[in-house]
Amino acid sequence: MLRRLMQALLLLLPLAAWSDGPAVSASHVWIRQPPPGISVLAGYLTLQNLTGKPLELKSVTSPEFNAVEMHRSFVKDDVEQMEQVPSVSIPAHGSVEFKPGSYHLMLMQPKKDLFPGDIVTLDLGFSDGSELTIMAPVRHDPPAH
Amino acid sequence: MKFKNMLPYAGLLLLAVAGGLLAGYLTFHSRHPDRPVTAALLLHDAKPLPDFNLMDTAGGTFNKTRLTGHWNLLYFGYTHCPDACPTTLAALDNFSGLTAKLPKRLKPQVYFISVDPQRDSLSLLKNYALYFNPDFTGATGSLDALRALTGPLGVEFSYGKPDAKGDYAVDHTSFVVLVDPQGEEVALFSPPLEPERMSADYLAILKFYGEPL
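Chains A and B, in that order, are what the protein sequence lines are. Position one of the first sequence corresponds to residue 1 (my numbering), numbered consecutively onward. Position one of the second sequence corresponds to residue 1001 (my numbering), numbered consecutively onward.
If we strip away everything but chain B, and leave its shape as in the complex, we get (with noise of 0.2 Å):
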C-alpha cells in the first residue's frame, strides 16, 4: 500500500484515540466529580493493602485488621534516625492535635513501622513511639514480614555500611501512607509536613470519601 493510500487511515487511528482519551477522561471526572486538589498524592483509585503479620508495641499482632474501623497514617522508618524520623514524627504529633476532636473512626490512628528489627526492639519502640505522643504505636517485625507489607505499597529501605562502632544509616522511604477504614491505600504525604496543610488535605480527603464531617 503506497503511504498517500495510508493517510485516511491514520486519521482514523488519530480520532480513535482522541475519542479514547475523552472518554475516559469524562468517565472519571464523572466518578470524581468533587476531586480535591491536595499537596498529598491522592490515589486515582484506594488500593487494599496486602495481608501482613507484624507485632505492635500495643501488644499485639498487627495486621490488616487492626487497621480497620478507623482511619491510619504510616510512616516506615528506625529509631536511630536523628533527623528524618523525629521531624516527621514531631509533625504527626501536631497534626494529631489539629484533628483530635474528629469522632474516633475519622481520627486517623498513627503507626511508627521500624524497618530497622534488628535495632529496635519492641520495647525501645513503644517509648520511642510514646515520647512523640501518647497515642502513637509502634510495629516491626521480621525483614520478610516487614516486606511483605512495604514491598506492594512501594515502601523502600535499605542499611547502609556500618562505622568502626557499628552504627548505620538506613534509607528509607520518606511519605507517610493515609490507609482508609477498610484497609485500603488512599493517599500518601511526602515531607517536609506541614501540619496545618496536612490537616486541611486529611479532611478534604475524608469528604471525597463520603465521610460525614
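The shape of chain A in the complex, shown without the other chains (with noise of 0.2 Å):
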C-alpha cells in the first residue's frame, strides 16, 4: 500500500516541478581557473528564458566567494573596457552568453584556492522572482561547444 502510494507520489513528481515552471535554464557554464597570485575570475555562460516574458538576471552570488558582480567587456576605439552591470536581461523564448569579451561575472576573493575540476555554486535570482543554483566547474580552457 504504502509502495503504491510512493509510486503515485513519484509519478506526481514531474508535474509539481512542470507546474512551477523552471524560468530559466543554464548551459556553456565555466569558471576560468585563477592565474596564480590573481584573486579575480571570470564566469561564463548562457542562459535560456524558457518563458514568453522577458526577464532580468538581477543577482548572483556564491558561497565560494565574497563578491560577486555582473561586468561588461567591450573595445572602443581600440580600447578594452569594463563596465559593471546592475542587471541582464533574456528576451522571451531568447537566450543571453556571458563568454569572453562580453558579459561576465566577476568573482572576488575566492574563500579557498580553486583548481580545475572544482565545483562553484552560483545562486542566480530573477526579475521574476524566481531563483535558479547551478554548479559551476573552474577550467583552465573553455569547454568544447
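Because the hints were derived from the structure by calculation, they are not lab data. The structure displayed is predicted, hence computed values, not measured ones. Only true hints are included.
As a list, the in silico EDC-like pairs of lysine to aspartate or glutamate whose alpha-carbon atoms are at most 16 Å apart: (1) B:K1104 with B:E1211; (2) A:K99 with B:E1194; (3) B:K1161 with A:E83; (4) B:K1101 with B:E1211; (5) B:K1165 with A:E69; (6) A:K76 with B:D1171.
Assembling the complex is the task here: the two chains are given apart, and the hints tell you how they should meet.
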C-alpha cells in the first residue's frame, strides 16, 4: 500500500515541477581558473529564458566568494574596457551569453584556492522572483561546444 | 578673373590631383607587389620603436635590444584583469603552439607588458606570464618608462575609480603589436584573436618581409 502511494507520488513529481516551471535554464557554465596570485575570476554561462516574458538576471551570489558582480567587456576605439552592469536582460524564449569579451561574472576573493575540476555554486536571482542554483566547474580552458 | 576663365585652371588642377594619386598608387604597388591580405592591420611601412627602458621577468632590462634578432609580440594589460587579458593570453598560447616549429628567429617571443605597475610586481607578473606559457615574459616599469614605449606605439591605458576595497579596472589598448627582428612595429592583431587566422596572417607577413619559410 505504502509502495503504491510512493509510486503515485513519484509519478506526480514531474508534474509538480512542471507547474512551478523553471523559468531559466543554464548551459556552457565554466569559471576560468585564476592565474597564481590573482583573486579575480571570470565566470561564463548561457542563460535560456523558457518563458514568454522578458526576464532580467538581477543578482548572482556564491558561497565560495566574498563578492560576485556582473560585468561587460567591450572594445571601443581599440581600447579594452569593462563596466559593471546592475542586471542583464534575457528576451522571451531567447538567451543571453556570458562569454569572453562580453558579459561575464566577476567573482572576487575566493574563500579557498580553486583548481581545475573544482565545482563552485552560483545562485542566480531573476526579475520574476525565481531563483536558479547552478554548479560551475573551474576550468583552464573553455569547454568545447 | 571671371569664373568662366577659371575653368581651364580647375581642370588642370583636377588632372594634377588624379595624376598624383595614380602615381602614388603605382609606386606603392610596385614597392609592395605581394602585399598579403590579412585580418591583422599590416602597417604600410615598418616603424622603428622608440627607445624605452623597462624591467622584465627574465631578470633584466627590457629595452629595444631585447627585441632584436627575432620576431616579437607585445601585449599590454594587467594581471587583475579577469576577462580580456586571460582571453588574449590564452589565444597567444594557442598561437605559440601553432608556430612552435618555426626556427628561433621566426618563432615570436611573447611579452606581456603590465600597465598597472602599482599592483603588478615583477614576481607576480612572472608567475602570471608563466601560467599561460613557460616561454612568455612579463615586463613593466614606472609610468614614465611605460609611456616612453606606449605613447609612440599609440597604446593607451587609464585607471578606473577604485572601489571600497581599493580595486580598480584598467582600460587598455586591445591590440597585440608585432615587432620585427630590427625592433620595428610591423602589424597589429585585434581581438577576438583566432589562433589559426592569426598564424596564417603571421606566416603571410613573414613571407612578405622576405623571411625564409
